[in-house]
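Visitor: The hints should help you fit chains Y and R with the ligands onto chain W, whose structure is shown.
Chains as they are written, first to last, in the working numbering: chain W, 1 to 298; chain Y, 1001 to 1266; chain R, 2001 to 2456.
Just so you know, the hints here were simulated from the structure itself, not pulled from any lab data.
Backbone N, C-alpha and C define an ideal beta-carbon position, used for all residues, glycine too.
Hints should not be assumed to be uniformly reliable.
Sample of chain R residues facing chain Y (criterion: CB under 8 angstroms; computed from the structure) [as the list claims (entries may be wrong)]:
(1) R2016
(2) V2037
(3) R2140
(4) E2159
(5) T2164
(6) A2203
(7) R2261
What follows is a set of in silico ranges between Cβ atoms, one per label pair, in the way DEER data are often shown [to be verified]:
(8) D2368(R) - G42(W): 50 to 58 angstroms
(9) K289(W) - A2088(R): 54 to 62 angstroms
(10) D1129(Y) - S2231(R): 45 to 53 angstroms
(11) H160(W) - R2246(R): 55 to 63 angstroms
(12) R2206(R) - N1190(Y): 55 to 63 angstroms
(13) N1190(Y) - Q189(W): 41 to 49 angstroms
(14) R186(W) - D2351(R): 25 to 33 angstroms
(15) P1119(Y) - N293(W): 40 to 48 angstroms
(16) R2140(R) - K175(W): 45 to 53 angstroms
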Amino acid sequence: MAAPLGQYKMVLFARTTDKEILRGAQNGGIVTALLSYALDTGIIDGAVVAAPSRSKPWRGKFDPWRSEPIVAMTRDQLLSARKTGYNISPNVMMIKEATRSYGLDRVGIVGVPCQIQGVRKAQLYPIGMRGVPDKIALVIGIYCMEVFPYQSIVQIVEDHGGVKMESVEKIEIGKGNFTVVTERGRTIQIPLNETRDLEQPGCHVCLDYAATLADISTGSAGSPAGWSTVFIRTKIGDEVWKRAMQAGLFETKPIGQVEPGLGAVEKLAVEKITRNKKTLEDRDFIGTKGLRNPYITT
Amino acid sequence: MEIFTEHVNGIMIHKITIGHIHESGCTGCLAALMDNYQGIFTILDKYADLVYGLTLVDVRKIPKMDVALIEGSVCIQDKLATDEVREVRDKSSVVIAIGGCACSGNITRFDRGGQQNQPQHESFVPVSDLIDVDIFVPACAPTPEALRNVCVMTYLLLRGNDEQKALAGMYLKPLMDLARSPYGSKASFNTLMQEVINLGLCMGCGSCAAACPVRAITMEYGKPQGLRDLCVNCGACFSQCPRSFFDHELMEHHEQIMGMLKAVMQ
Amino acid sequence: MGKVVEISPTTRHEGRSKLVLQVDDEGIITVGNWISVTPVRGLEKAVLGKPMEQVPKLLSRVCGICPVAHALAAVEAIETSIGVEIPADAHTLRVILHCANRLNNHALSNIFTLPDLYIPGTDRKINLFSPEEPMRSIARRIQRIREIAQGITEIAGGEAIHPTNTRIGGMYYNITSRAKQKLTDLAKEAVDIVKTQMDFMIAVLRNFQRRDWTEIGGRQIPIPRNLGYHSEGYLATDSLYGTSSRTSVQSWDPDHLREIRPWNFYMGEVTIDLEDSTYPIGGTTAAGTVVHPKREATNAIPLYNGRPVEVGPRARMALYQGFNEKGTIGQQVARQMEYMTDVHEILNRLDTLNTSGKVLTDPIPPGDGKTLAWATTEPARGTNVHFVRVREGKVADYSMIVPTTWNFPVCSKALSGAPWQLAEVIIRGYDPCVSCATHMIVLDPDKNVVAQNLIR
Ligand code: SF4
Ligand code: SF4
Ligand code: SF4
Chain W
1 MAAPLGQYKM VLFARTTDKE ILRGAQNGGI VTALLSYALD TGIIDGAVVA
51 APSRSKPWRG KFDPWRSEPI VAMTRDQLLS ARKTGYNISP NVMMIKEATR
101 SYGLDRVGIV GVPCQIQGVR KAQLYPIGMR GVPDKIALVI GIYCMEVFPY
151 QSIVQIVEDH GGVKMESVEK IEIGKGNFTV VTERGRTIQI PLNETRDLEQ
201 PGCHVCLDYA ATLADISTGS AGSPAGWSTV FIRTKIGDEV WKRAMQAGLF
251 ETKPIGQVEP GLGAVEKLAV EKITRNKKTL EDRDFIGTKG LRNPYITT
Chain Y
1001 MEIFTEHVNG IMIHKITIGH IHESGCTGCL AALMDNYQGI FTILDKYADL
1051 VYGLTLVDVR KIPKMDVALI EGSVCIQDKL ATDEVREVRD KSSVVIAIGG
1101 CACSGNITRF DRGGQQNQPQ HESFVPVSDL IDVDIFVPAC APTPEALRNV
1151 CVMTYLLLRG NDEQKALAGM YLKPLMDLAR SPYGSKASFN TLMQEVINLG
1201 LCMGCGSCAA ACPVRAITME YGKPQGLRDL CVNCGACFSQ CPRSFFDHEL
1251 MEHHEQIMGM LKAVMQ
Chain R
2001 MGKVVEISPT TRHEGRSKLV LQVDDEGIIT VGNWISVTPV RGLEKAVLGK
2051 PMEQVPKLLS RVCGICPVAH ALAAVEAIET SIGVEIPADA HTLRVILHCA
2101 NRLNNHALSN IFTLPDLYIP GTDRKINLFS PEEPMRSIAR RIQRIREIAQ
2151 GITEIAGGEA IHPTNTRIGG MYYNITSRAK QKLTDLAKEA VDIVKTQMDF
2201 MIAVLRNFQR RDWTEIGGRQ IPIPRNLGYH SEGYLATDSL YGTSSRTSVQ
2251 SWDPDHLREI RPWNFYMGEV TIDLEDSTYP IGGTTAAGTV VHPKREATNA
2301 IPLYNGRPVE VGPRARMALY QGFNEKGTIG QQVARQMEYM TDVHEILNRL
2351 DTLNTSGKVL TDPIPPGDGK TLAWATTEPA RGTNVHFVRV REGKVADYSM
2401 IVPTTWNFPV CSKALSGAPW QLAEVIIRGY DPCVSCATHM IVLDPDKNVV
2451 AQNLIR
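The following block holds chain W by itself, in its conformation from the complex (with noise of 0.2 angstroms):
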């Protein structure tokens, strides 16, 4: 198994000059900023991003924390998708329509690690992805721990924060709790030791925490309040992170001037991928046979 943060040309600490996205961003607006300047460019004609749902009313309206992919082709859609609910949102579905009925040559596509491995299975075996490998123009990964089925989120926010979904202002997880703020600010936070029972099952099987096979992967973890860290992994990576740069894109800082910086990364990586090398042992031990593990085939 490959390093726990995966093959890396640079890391970094980085957050948007773009005010109107630093605005809503959840730290430093680094996805929206990329996709938007890629819009703009011309490196994507649009992007599969996670966005309210819009499709299926959830007791009898739209719920703005059910996460649903489509394709962005303004940054004003850009803009309306930011909120992440933390619960799935299948953006792989929506890469080959892009292509179709989109009419998308260049496909931005953002997504957590596992849905990256879909991504680049895709490009390399597109069993059933004819006129994908070829448009897939900016791959980019947000790091991951777990995610939780959408009916997990309610109950996490409405059985243990004691909170109605109606009146949620903003979900987070990270640092070891599940955190929500409400419309009149009141913030709960639930340890994610208490809820670890409701994530998504498949996650549990889960190898990659930093988003090892995109091309440019982001998160908060290691970074100050407010910033993102920021890995640039592939050439297509190297070249949109360097054009975004001359344009004044982001303020960068070095990661090694800053704590908790690569190392705080590095233990949530470890942590994740040891802890899920173990469920897939365990696995082998269920019933007298085991189950099947996807990584071995025979």
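Guide: Chains Y and R with the ligands in isolation, oriented as in the chain W frame:
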């Protein structure tokens, strides 16, 4: 991996011989191969001589060949067909089942005979039910890119240097394992259900829904739902799913491998 | 006394077929039997009892080179049976798909037939896989036409091979204005390329027509002036797209359709007594082999007004545009002329497409099982008819007569009078798609039109 930096063209000395065999398919698989457009000329100029394929060349008898691409399932009530696959196995070093019909029966799984002028033609089986198949390229239709990748990797496996052989071996391994697995030739939405979702492996990426060629999969609250009445048994969803097979060590080199595939097709 | 020669399998077309030919002492065909030996997948039987939504997806897979033809005929027939109208923009997308697939198929047909033809002014045949010029440029041009055609199909239809965007009641998605622009750019690029290709093909065909001989297996075979002539009729149901049993003025009458089995049309048991090992490549069937065409055939014999009819580009042009050139060359010339029709039609339809228009009808009734409906499309190879009855959302009856099924008997007749070595040149003029052709009309239990015709 050295091989990525080496100029691949340097070592292309011997082409391989390749043939296309049409069983009970619809020629969509061959059309997919031809949909590599200008790439077809690169493959034929540099890597492979097409020695058999009734749709494209005039050769009427099956010759010896390095690689046989079989399209379509086999009708066991048609002696011509069952004899033919056997002959193909005897005469080829590598047999590749291309497309859902050859790999897992696809729509021909629904055939039940009863139609004139040969109402007894009622049973169609995937090629690997009758002969050993080395590699599977599932989906209906298979994609031009998947067929190209498998052809190039098979070429490297047969003619490459040691490092290229190693890479090609790693790339092809899961498709070889699929050809021998208990579920590869039985693929349908059920396989995704039984081997991924039911085993707690699904993480809701949506690759399966994108891959399905009949829109039989929708994502409901982040998880795949299969409309099994629409499924045609092509096997695309399962093979595309990152939780069917995924070799981290290989995938880590995605950028170099994509680059190499591009370079060899120049 | 005549002899019998067999070419098996035939090459450079879709599917698997063979030719059993009775020839006179000069080697001229007196009786030609062209039969399909592709196993019968029996898809018309396989779809019985299936939900109507799945059936067009299954039937698209009748053929991977004209999947659009079957997907469209199936949805249109089912829609006619259950009585739904689709939105105008859905129809526009379907016509675009239809034309793009025709483009692709005409280009494919060029690939199959060019190796029979000569570079004008030379005795060099055209091997498209050769890296030499002018072959390579020709081959690249054909592949570019296919790339454009498949590209348009992929965007408007979801997939280039087996479209995913068509559904009962319309389409899954309309396309974005960006996608529309892309299609327009592609079609505009195609205008010049297909014009060049059409002119080139017609020049090559006219050149072949002027030649006295063609080389086959090292010998000069004389080319008869009337190569591929037949005195049977033509059938086309529309000049461009197709029609259905819903239309009030009908361009054809299924009542005049009758289907006989191969048993009543082809030869019985014969022993091969003419063998030619020089026939490329691998020679003809060994002398002494016993064959039985009427028993081996997997195709049907549809008759219209009691006779075989030709379908395809020439039939369309003869019936709708007064085109009157006979024989294999006339047929090929007509095919090339359709290139331009298809590209211009794509551009015209794109002009009228409203990208924010609705593409799905609501609601979609389940069908009352009373109406046996039919719909036709006019794909590259000719009239494609699907008959269906839908009851409570399930398919109760299904049958299809696809282009090459129509053409098997008429082409068998057209073989007479030609040297046997040219038989494959004649069948390639029909651009056969043999996998499709193994489909037969089913007996309709309620004894209406189709059943009566079969019983008669
Ligand atoms: S897999 Fe699909 S494309 Fe290939 S032969 Fe079967 S039906 Fe045709
Ligand atoms: S591709 Fe696999 S992991 Fe992804 S949603 Fe489908 S079943 Fe789940
Ligand atoms: S669900 Fe779709 S992709 Fe999966 S086997 Fe069925 S048809 Fe193929």
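Visitor: Measuring from the C-beta of T2164(R) to each C-beta in chain Y, is the shortest one below 8 angstroms?
Guide: holds, 6 angstroms
Visitor: Could you tell me whether the CB distance from K289(W) to A2088(R) stays inside 54 to 62 angstroms?
Guide: holds, 58 angstroms
Visitor: Would you say the C-beta atoms of P1119(Y) and N293(W) sit inside 40 to 48 angstroms of each other?
Guide: Given about 46 angstroms between the Cβ atoms, the range holds.
Visitor: Checking hints one by one. Is V2037(R) an interface residue toward chain Y, by the C-beta closer than 8 angstroms rule?
Guide: For V2037(R), the interface hint holds, since the closest Cβ of chain Y sits about 7 angstroms away, which is under 8 angstroms.
Visitor: Given a cut of 8 angstroms on the nearest C-beta pair, is the interface hint for R2140(R) held or broken against chain Y?
Guide: holds, 6 angstroms
Visitor: Minimum Cβ distance from R2261(R) to chain Y below 8 angstroms?
Guide: holds, 6 angstroms
Visitor: In this structure, is the beta-carbon distance linking R186(W) and D2351(R) contained in 25 to 33 angstroms?
Guide: violated, 58 angstroms
Visitor: For the pair D1129(Y) and S2231(R), does the Cβ-Cβ distance stay inside 45 to 53 angstroms?
Guide: holds, 48 angstroms
Visitor: Okay, N1190(Y) versus Q189(W) on CB: inside 41 to 49 angstroms?
Guide: Distance hint for N1190(Y), Q189(W) holds at roughly 43 angstroms.
Visitor: Does 55 to 63 angstroms hold as the CB distance between H160(W) and R2246(R), or does it fail?
Guide: holds, 60 angstroms
Visitor: May I ask you to test the hint 50 to 58 angstroms on the CB atoms belonging to D2368(R) and G42(W)?
Guide: This hint holds: roughly 54 angstroms between Cβ atoms.
Visitor: Taking the closest Cβ pair, is A2203(R) under 8 angstroms from chain Y?
Guide: violated, 23 angstroms
Of the numbered hints given earlier, the model fails hints 6, 14 and 16; all others are met.
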